[in-house]
Amino acid sequence: MLQLIVNRCLQGLLTLVLASIIIFAATEILPGDVAEAILGQNRNDAAALEALREELGLNRPAIVRYFDWFFGILQGDLGVSLSTDRPIADMMSGRIWNTARLAIMTACVAIPLALILGLISAIRAGGVLDKSLAVTTLSLIAVPEFFIGLGLMTIFAVELKWLGANANIRPYYDFGRIVHAMALPVMTLGFAVLAHMLRMTRASVINIFTSPYIEMAVLKGIPKRRIVMRHALPNALSPIFAVIALNLAYMVSGVIIVETIFAVPGLSRLLIDGVALRDIPLIQACAMLFGAVYIVVNLLADIFSIIFNPRLRFPK
Amino acid sequence: MTDVLSIEDLWVEGRPPGGKYKPIVKGVSFNVKKGEVVALIGESGSGKSTISLASMGFARPGCRISAGTIKVNGENVMDMTTKERHKLRGEKVAYVAQSAAASFNPAIKIGDQVIEAPVFHGLQTASEATEVAVDLYKKLDLPDADRIGGRYPHQVSGGQLQRLMAAMALSCGPDLLILDEPTTALDVTTQIEVLKAFKDIIREQNTAAIYVTHDLAVVAQVADRILVLNGGEVQELGDTDQIVHNPAHEYTKTLMNAVRPAPNQLELDHKTGDDDPAPILTASNITAGYGSGPSKKTILRDVTVDVPEGSVVGVIGESGCGKSTLARVIAGLTPQWEGEVTITGHKANPRVEKRDKETLRDCQIVFQMADTALNPRQRISDLLGRPLQFYHGLKGKEKADRVAELLELVELPAAFASRFPGELSGGQKQRVNLARSLAANPKLVLCDEVTSALDTVVAASVIDLLQDLKERLGLSYMFISHDLSTVASFADHIVVLYAGRVVEKGLSSQVFQPPYHPYTQLLLNSVPEMRQGWLEEVATTDEAKAASAGSVELREVGCPFSNRCAKAIKGVCETKTPPLRKIETGHEIACHLETDVLPK
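In order, the protein sequences belong to chains H and X. Quick note on numbering: the first sequence equals residues 1 to 316 in my numbering. Quick note on numbering: the second sequence equals residues 1 to 600 in my numbering.
By construction, these hints were calculated from the structure, which means they are not laboratory data. Quick caveat, the model's predicted, so the values are computed rather than measured. A hint or two may mislead.
Dumping the calculated BS3-like pairs for lysine-lysine here, alpha-carbon to alpha-carbon at most 27 Å [claimed, not checked]:
(1) X:K600 x X:K567
(2) X:K296 x X:K576
(3) X:K71 x H:K224
(4) X:K109 x H:K131
(5) X:K109 x X:K71
(6) X:K83 x H:K224
Computed spacing ranges between beta-carbons, pair by pair [as the list claims (entries may be wrong)]:
(7) X:N76 x H:T210: 45 to 55 Å
(8) H:A134 x X:G422: 28 to 38 Å
(9) X:S44 x H:T210: 43 to 53 Å
Every residue, glycine too, gets a C-beta built ideally from N, C-alpha and C.
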């Protein structure tokens, strides 16, 4: 089993390297380079452009610059932002926490909720509860996030004034205030990821229902609830882990709309700012971080699947 | 009030998804007394499993019990609440399914599954139940009884798992035990051990039992009474002795006639191997397996097999001995590591994709499961038309005509061309599967367990068809099967494979008559006979005891059978691999024993 996990980790590393190549190549293909971006209006001045390229090392071959950049990242050096002249690592550090807070809080609410509702749907498959859950969650996923976000804000922050509309957390906030500020963005993001995980939990559990060992359990006189929890769920974990991983990654990297609506100074905002200002090192760093998050959570999902599979845990 | 189970006028209905309910069990009545074993026999679709499940108040999804009374210990199951039914299933009636491998939950330790019912229903505490379970493991002759419960299902063998499922059923001390084809998925050698264990424990616990099977010889060993079913209706109900020896109903007679005699009781004309025609297939010194690097697993070792033109070569052996691998090597699906395959005199490339069209056409393979071999989304005309187009460039009307011819060849109506595989019965699908291989106009057909998934009567008709085609088209077959009776009635030559090595080969009349290789003898003796009392005789022989002590082990050195052989010579058999030795012309045996001490 250890061998499998090590192999999987190596694969993850390889994927990360490939991702870095793609990110670097993509920014390389873009018209214009960093020097042109810095000079802005003056980019037609050939001498200045050349001097700046020389200074930034842009005249070196792409391969050399790639390795320079890649080994920099390995050592924690993400480069310097063009727009602010500050190290990108510093710019990110504060924002990572904002994004992570939103993701973790959403995960803590949405994942258990999705699992529980998914299991209930599976137990009551075809029943009223199952159908109404399906309609509700699918409607929620069908409505765009900005609509839900603004809708919730209008109702709970503007009209009722129960919850906050600004989720820019200040360091001096106490827990109650954090909850007050974060409730709406967490709800908005939660609605977006809930349906997916719920449907997958329900589908994988129901898929297991057709197995002969479930019929065996029924014939042992085991009630449905126990059959789902004890006999079906442990065999349905692998696809559930996979979909949780996908959604976790989404909560980190795909939350631009939620961050914008609720004024969360997070990583997605940073990335968008980077694009707007043609801050290529910043774009690369953000893309690399998001790629790493995707790879790591998927890696974790695979490792959990391996650990929870007795065939792999105890080979013959 | 000695009836543990009494069923009166039971009707069960079933419906295909979205279809209408149709009766599948039509007014069946019977009873089972304490300590009695009643067998339900019939072909698939006769409703035997459905009836046995109904006695637990259970109907599979898409089915419903529509009428009748089912009484267990005098209480009507149909009147029970859900909770009462749960109690009935966990405490009074227990079920043993056909495939233990599928019926054990792969994610839960065996012991926890065995004791789940009694503990959950509050009959025993976990530690009491574990004690009972360990006791049952011992009675069922399971190895390492104290610790086997701590393993996961994938860590024990198929035969052991089947016995563990019996332990699971017996753990709650049921009044009625339902055994649904519990040995059908097992090899004959394993079947003996399991049958014996079941029979002893049923007798010891004085449990009432329903035994569902299609194998009459097995029924003769375990049942007190037999209920013969066809199309959901009772044909005949009587004592085992009467049904087996003196069947009254026409249908029972048909069933009995489809049973082939045991191979060693067959009258075979003895001819020597001198006058054989040239081989159409030669597989020489094949070594093959799966995987690579450290996980590499060698299955076949130095296997040499010839198929003379126009003859049938039967390949026999237990599961895991490499029979299918051999067929796959010959077909080019599993490239061999060493050795050479020659088809119609031409050396064939190990890889199927590199073989030329002629080689591909000459050698066709028919797989065991027609269900998985035929694309469910293609019509029969497309399934048969594709090889016609590929090999012979047929199109349009020519192709349609040839499809009709092929269907006629396998005795199916031409109108089947427009159907999908799902609309056909198992036997019909297997005929289409066969027709697909014939579309190429092959000279050699590799049949991999083609009758194993079929009922006795249907299987017999497929064999007759194969025989007929052989004569009409001049085909040669390599016929792989674990069913010795079928092979014996059909094959001219026999190759006995054990753990990836050829242990005996020769003409059928030579292999199925003494002297035998010890393994061939074990196989032959393990084929159930109709005779009542056969099981007790055979299970107590030295050979059977030695065989049940070990399992098939692929080994590099020594005789692979040495760990299960009653006649193994210590210090020789496990260290030196016996070469194939000529006994008489055409008959070879790989054994260290001198010819005159080989089993007779």
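Unsatisfied constraints (hint numbers, rising) | Hints 4, 5, 7, 9 not satisfied by this model.
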